[in-house]
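Participant: For reference, the chains in residue letters:
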Amino acid sequence: MSVTKMLKLSLLGHSGIKDEIIGEIHKAGIVQISEIDREEMKKFHNSDDEGGSIREFRVIDEKLQEIGKIKEGLDFSIKFLTKYKPRKKLLDSLSSDQFIFENDSYIKTAEGFDHGICEQVKIFSNRITELESIYSNTISRIEVLEPWKGLQINISDVYNASPQVDALFAYIDIKSFKEFRETVDTMDFVHLSIIHSEEEIQYFSILYLKEKSDKIQELLKRFSLIQMDFSDIKENIASTIREFESKEKEIQKELKDIDSELKRIARDHDTMLISLDYWTSLYKKEEIKKKFLGTRSSFLLKGWIRKNDLDNLNAIKKRFKEVDIALEPPSKKDEPPVALENNPFNSPFEVVTKLFGLPTKKEVDPTPLFAPFFALFFGICLTDAGYGLVLIILSLFMLRNKYLGTGSRNLLRLIAISGVFTMIVGALAGGFFGIQFENLPASFQAVTRFKEKLAVLDPLKNPLRLFGFAIGLGVFQIITGFIIKFILLLKNREFRSAVVEALSWLLIIHGILLAVLLKVKYFWGLAILGAGIIVLFTSKSKNPLARIGAGLFGLYDITGIFGDIVSYSRLFALALATGVVAMVINIIVGIIYGMVVNIPVIGVPLAVIVLVFILVFGHLFNIGINALGAFVHTTRLQFVEYFTKFYQSGGKEFSPFKEDLDYVRIKKT
Amino acid sequence: MTIGLFFVLLGIFSAVVLAGIGSAIGIGIAAQVAEGVMTEDPKNFGKYLMLVALPGTQGIYGFVIGFLIMVKLGIIAGSIPDVSLNQGLFAMAAALPIALAGLFSAIHQGKVCAAGIEMSAKQPNEVGKALVMGVFVELYAVLGFLISFFLVWFGINF
Chain A
73 MSVTKMLKLS LLGHSGIKDE IIGEIHKAGI VQISEIDREE MKKFHNSDDE GGSIREFRVI
133 DEKLQEIGKI KEGLDFSIKF LTKYKPRKKL LDSLSSDQFI FENDSYIKTA EGFDHGICEQ
193 VKIFSNRITE LESIYSNTIS RIEVLEPWKG LQINISDVYN ASPQVDALFA YIDIKSFKEF
253 RETVDTMDFV HLSIIHSEEE IQYFSILYLK EKSDKIQELL KRFSLIQMDF SDIKENIAST
313 IREFESKEKE IQKELKDIDS ELKRIARDHD TMLISLDYWT SLYKKEEIKK KFLGTRSSFL
373 LKGWIRKNDL DNLNAIKKRF KEVDIALEPP SKKDEPPVAL ENNPFNSPFE VVTKLFGLPT
433 KKEVDPTPLF APFFALFFGI CLTDAGYGLV LIILSLFMLR NKYLGTGSRN LLRLIAISGV
493 FTMIVGALAG GFFGIQFENL PASFQAVTRF KEKLAVLDPL KNPLRLFGFA IGLGVFQIIT
553 GFIIKFILLL KNREFRSAVV EALSWLLIIH GILLAVLLKV KYFWGLAILG AGIIVLFTSK
613 SKNPLARIGA GLFGLYDITG IFGDIVSYSR LFALALATGV VAMVINIIVG IIYGMVVNIP
673 VIGVPLAVIV LVFILVFGHL FNIGINALGA FVHTTRLQFV EYFTKFYQSG GKEFSPFKED
733 LDYVRIKKT
Chain B
48 MTIGLFFVLL GIFSAVVLAG IGSAIGIGIA AQVAEGVMTE DPKNFGKYLM LVALPGTQGI
108 YGFVIGFLIM VKLGIIAGSI PDVSLNQGLF AMAAALPIAL AGLFSAIHQG KVCAAGIEMS
168 AKQPNEVGKA LVMGVFVELY AVLGFLISFF LVWFGINF
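As you go down the protein sequences, you meet chains A and B in turn. Position 174 of the first sequence, counted from 1, bears residue number 246 in the working numbering, the numbering being contiguous throughout. Position 5 of the second sequence, counted from 1, bears residue number 52 in the working numbering, the numbering being contiguous throughout.
Next up, chain B with everything else stripped away, as it sits in the complex (with noise of 0.2 Å):
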């Protein structure tokens, strides 16, 4: 394996794992309050369902980067092409934006949405209230997604 090579996997690791660790805790943080609110009233779990999916895409989003990275890399096709140390680290650098603004940006949402889903136990009909607040912060992850995306798509060629 080449060191480029290495720094292409290093890219592809910080944009799922990162992003992934945000959303993961992200969720991790509204579902400990949607359990927390439903120990009272277990009736609106659908509403709850909603608020603590939402920190789940930028995991996702860093899903979709790593894997088009994987695509460029010809790694779907069964072929793995020699990468200079330059092009690794196009690629890893390519991956930050979405690393690192799904992994900051899915955390506060997560905070967002649980303070949703204590609004909405108080005030049933205003979830979509909270759901909009939550989208606020979702906008910074789709930022990254995209610089990340034309980055990869349009400078990475093996």
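Okay, chain A solo, but in the shape it has when bound (with noise of 0.2 Å):
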């Protein structure tokens, strides 16, 4: 229906132009190149070639691993680089980085860019993580001397004071010091002095004679002493201390120094996401030929192309003359790309198909099917005509960006189709702000009865007739989902599944729906009917105990489609609680104002200003959580209760090769 019809290209060029060629299609974006079969390479080429097919290959992946590593040096620069740039403004900060441009001159701000900056920045990120683990160690080597600043000697004298005296340094625990001391004294070989005491340990030193060490290494081994070791000190443990003070200052200095040179760097980091744009871009133009098929002196490049876009690639075609164009329509093994085609009502509702999956090439474009549907619904949820307005001149308001997506374009228009439908249903709901019109003052009367006349649909007033409402359109939906898939069903010749799947429920809906309804009893005679074709057709066993079971086990399923017709009822439940918050923030308001306004003097202006805010930001609050929920549970509503009964999904969309940057928008002129 509206799937748009696609053509297989073939595309036959001089080598020549070969790279003219890609920037023209990558430009116009209207093709998608699809991958060559290896084996028809083979049927092409003849020996000679295929060896300079090669030698093709080979370049172009020289080449892409110049660019490649550009790119990840400005890539790994970006990312280095995030702590260093400018602060933005915090709102600023919440959207993502744009830059406008006009045609193509970000080129020359990307080309214009010193890349070479990015090994600069390599370095630094190096040489900081260096410094940081030498500052780090410094530090700890510091506190492990403090204790011993005392000791006012040159380590090394100790060490060769005599040649029959040893020294060693050690702490330990101050409560098995007292028990260690009295071991020492009766050591007459061994000299202990006290260098510095702390609240849970005791730093000494001792000077002991060599012949004895084994002695000394008992010890040690007895009260686990923990000895120092201050070979590698020339001087005193206080100068050594200066020294690795001096030192962390040092490394302080060029930390501060490298981090002034980042900042100055990251100023460019505009850019850099500008050029990493660039380079990613010429990345996938390279990659691409690697899809070609090539000889010496010509290329063949195949794809998709939709149909309308063929005037663009006849356009193309004339600037070059060394170029042949081959079109033919899909054959039956091929699975052509999808793309959807709809008019404006329905197409910003292709976000929630793809969302889904697209359809396959067996299945029709199910958004015609389900937008009226969806606004619909989304307006029940929301059930307010002020709420409606206020998402109508919102998304109106943001689609004024020139710059934005097709998906965000096509939300915003989703939602101001949806605000209309919000509108609509929010008068025949009275919601209007969650006014409660019976309370305005009597000059607004004639407003009120027009209300009155108007809301049929109150679900405060009479809450049954919306909730029947609800449940009434689901019953509405899942009978047309069953009539599609009747047709569908025909079409493709499959008209026993037509009869089975199809149209026995909706005998059986029907049937119910109307023996109900109107009190005939007759009618549940087609719902008995339908019953009984899906009892007895449901299994084409031949085995009539297995084809009856199955019949039956197929007739549960009218379970699943009672829960389907009360899962509608989620409509009702959100339009009420949209609706009664609404009405809230209003007595809040009330409330307060009330309070505030009786203070002197300030009282009035205070009150209004309390006023405002409290309704804006009460209000866009509402609107915000319940416009999610309405979107989410419509959704819910169109891929549970309604695709379940025609549509599948597993097309593959149609990704055409073009112009994909990040960072840049360009700006037609």
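Please keep in mind that the hints were generated in silico from the structure rather than gathered at the bench. Certain hints may be false.
To be verified - Dumping the calculated SDA-like pairs for lysine to any residue here, alpha-carbon to alpha-carbon at most 20 Å:
1. A:K426 / B:Q170
2. A:K612 / A:L598
3. A:K151 / B:T86
4. A:K143 / A:A100
5. A:K426 / B:M180
6. A:K362 / A:S208
7. A:K284 / A:E254
8. B:K90 / A:H341
9. B:K119 / A:I507
What the hints assert, rightly or not - Covered by chain B, according to a simulated footprint, are these stretches of chain A (three or more residues, beta-carbon under 8 Å):
10. 513–520
11. 698–704
Note that beta-carbon positions come from the ideal geometry of N, C-alpha and C, so glycine has one too.
Mind assembling these two chains? They're in different frames, but the hints should get you there.
Facilitator: Put into structure tokens, the structure is as follows:
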């Protein structure tokens, strides 16, 4: 229905214009280039040319590597410099980076950027890691040495004092120190001196005769002393600490210098983003060549093109002499990529279709089939004419931004259309910013009376009516689903399935509905007929027991359909929640206004400010949370209750080879 | 205050607070995961926000039921009638469907949404599917809400 016709394209050209052709196709963005079959490639080449094509591949790979390296450098620098770049305002930082350029002018900016600077950034980054590790090392050395500061003498002097004497520096837990000291006092070959005492730990040195060193080892073990190693210290401890401290300062200074240097480089952060876009685009243009088939003097490109883009293709073709194009419709074997095409009312809803998945070539595009339901259900979930108005205004305002992607653009259009439905349903349900019309002053009586006449679906006046409306819509949508299934199965000439899987259910649903609503019992016959079809014909088995068993099991699906119908009650629940919360916001504002307005002098202006503030933010919050709920619940109803009847999806999206920039937005002049 | 009125207030309490606790826990679970994911990729904040907000509706449903009981009671209009014990117990029982369905469904919805956030961190284009999964859990809060609503709206007359 509204799946675009695709054509298979083969483009044969002279190698000399390969880059130009790629450039043009890339710019136009109308062709999806497909991989060429390697087997076909062998047929096409004679052995000599095959060597040429391998050579070609090597050239492409080398180029890709070169560009890839630049890209990687830029990518690293961009990520690394994020913390160094100038801070943005909070509001700006929420939106993503975008830079607007006219036509191709961004290329100049990108080419003008010296990506050599990325090497520099990499070096700085490595140096920072190195310095930080040295720094923490230095700090921990200072901490270890700190308690020994009181040791005034040169350490080397102590170690080399006399050939018979050796020295040892250690510390011990204060609890064991007393016992240790008593033990040492009994040894006449040991001299103990306390260097420093802390609450928990004693630091000391001992001098001892070298010949008794085994006794000392015993001592070390017995009291589990922790020995210090000062062998690398030349002078005294204090001067060593000073040395480390000056080193620490040096490191800090270097880090600071690097920091300010990086901050200077980071001012080009935006330019780097633009460059990254440029190089990524170059990379893609080079990479795509791998999909081409080529000889020394020609190349062949295969792909898909939308039928309506043919004019654009011919315009490109006219500019080149050495190009030939062949077009053919897809064969039975082909799975052409899927692009949707709908009228302006339906096309925004393609967003939702894509969320579920695109149709296969056997299926129809479900977009026009669910779009009206979607907008209506969304409206019921909000049921406030004022909220609908806000949604329309907000989305139209945001649509003025010309550089939005198609996805967001369609989403905003969808919200605008749903906003219109919200206004209509809101008027019928009597919701307008949750205002309680009966509490309005007498001068508004005309408005109130008008509203009362209009509001036939007011959920608080007559909840069952709106509830019934929601369920009724559900039944209607499910019936529509089965009818579509019926038609599609007929079209595919699957008559048995059409009767057993679709018509039978239609008979059952209609039979029950008519029998209950019109109170005519003959209609039960329709339902029984439908049930009979299911029981007897679901299975093709010859064994009557198995056949009827499977049939009865098939009939069990009635619970699923009942569940589907109940599921539509969510529309009523969401409508109610939105309406009541809107009302509560107004009541709260009224109470607060009453309290504030009585404050002398500043009362009235303050009350007005508070009133406006709470009203605006309260209702915006309510719109936000409920619009989200409305979107999600409505989407679910389409996917689970509706699509399951006739739509499976599984098509691949048409994704043409085109300019796909992350940060640069191009303004066409 | 009559003992009946006490039970009415207990009903309002259970609708608002139990469903609210459920939403708070559900959002809490999802938000923690979102923050974890954003340490790697802060760009998709908007997408995660939708999934984090989803378990918030149960609290709103509970609040609406609590509010409607207050409307029926007449507190909003400024007067409190005498409430018999039977009426009070009815009002409390009417609040329980949304209170309990809200409490548990919001917690489980939070878990589903948290998983959805993890999924969409790796597959940013599939966030819609994660949302639909979360909504599956919500149906049962909706059903509880509807039953509570009809009980309150048609069953309570002070």
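Participant: If a hint holds in the structure, say so; if it does not, say that too.
Facilitator: For each hint, the structure was consulted:
no.: 1; hint: A:K426 / B:Q170; in the structure: holds, 15 Å
no.: 2; hint: A:K612 / A:L598; in the structure: violated, 23 Å
no.: 3; hint: A:K151 / B:T86; in the structure: holds, 13 Å
no.: 4; hint: A:K143 / A:A100; in the structure: violated, 24 Å
no.: 5; hint: A:K426 / B:M180; in the structure: holds, 16 Å
no.: 6; hint: A:K362 / A:S208; in the structure: violated, 50 Å
no.: 7; hint: A:K284 / A:E254; in the structure: holds, 18 Å
no.: 8; hint: B:K90 / A:H341; in the structure: holds, 17 Å
no.: 9; hint: B:K119 / A:I507; in the structure: holds, 18 Å
no.: 10; hint: 513–520; in the structure: violated (count 0)
no.: 11; hint: 698–704; in the structure: holds (count 3)
Figure legend: structure checked against the earlier numbered hints; hints not met, in rising order: 2, 4, 6, 10.
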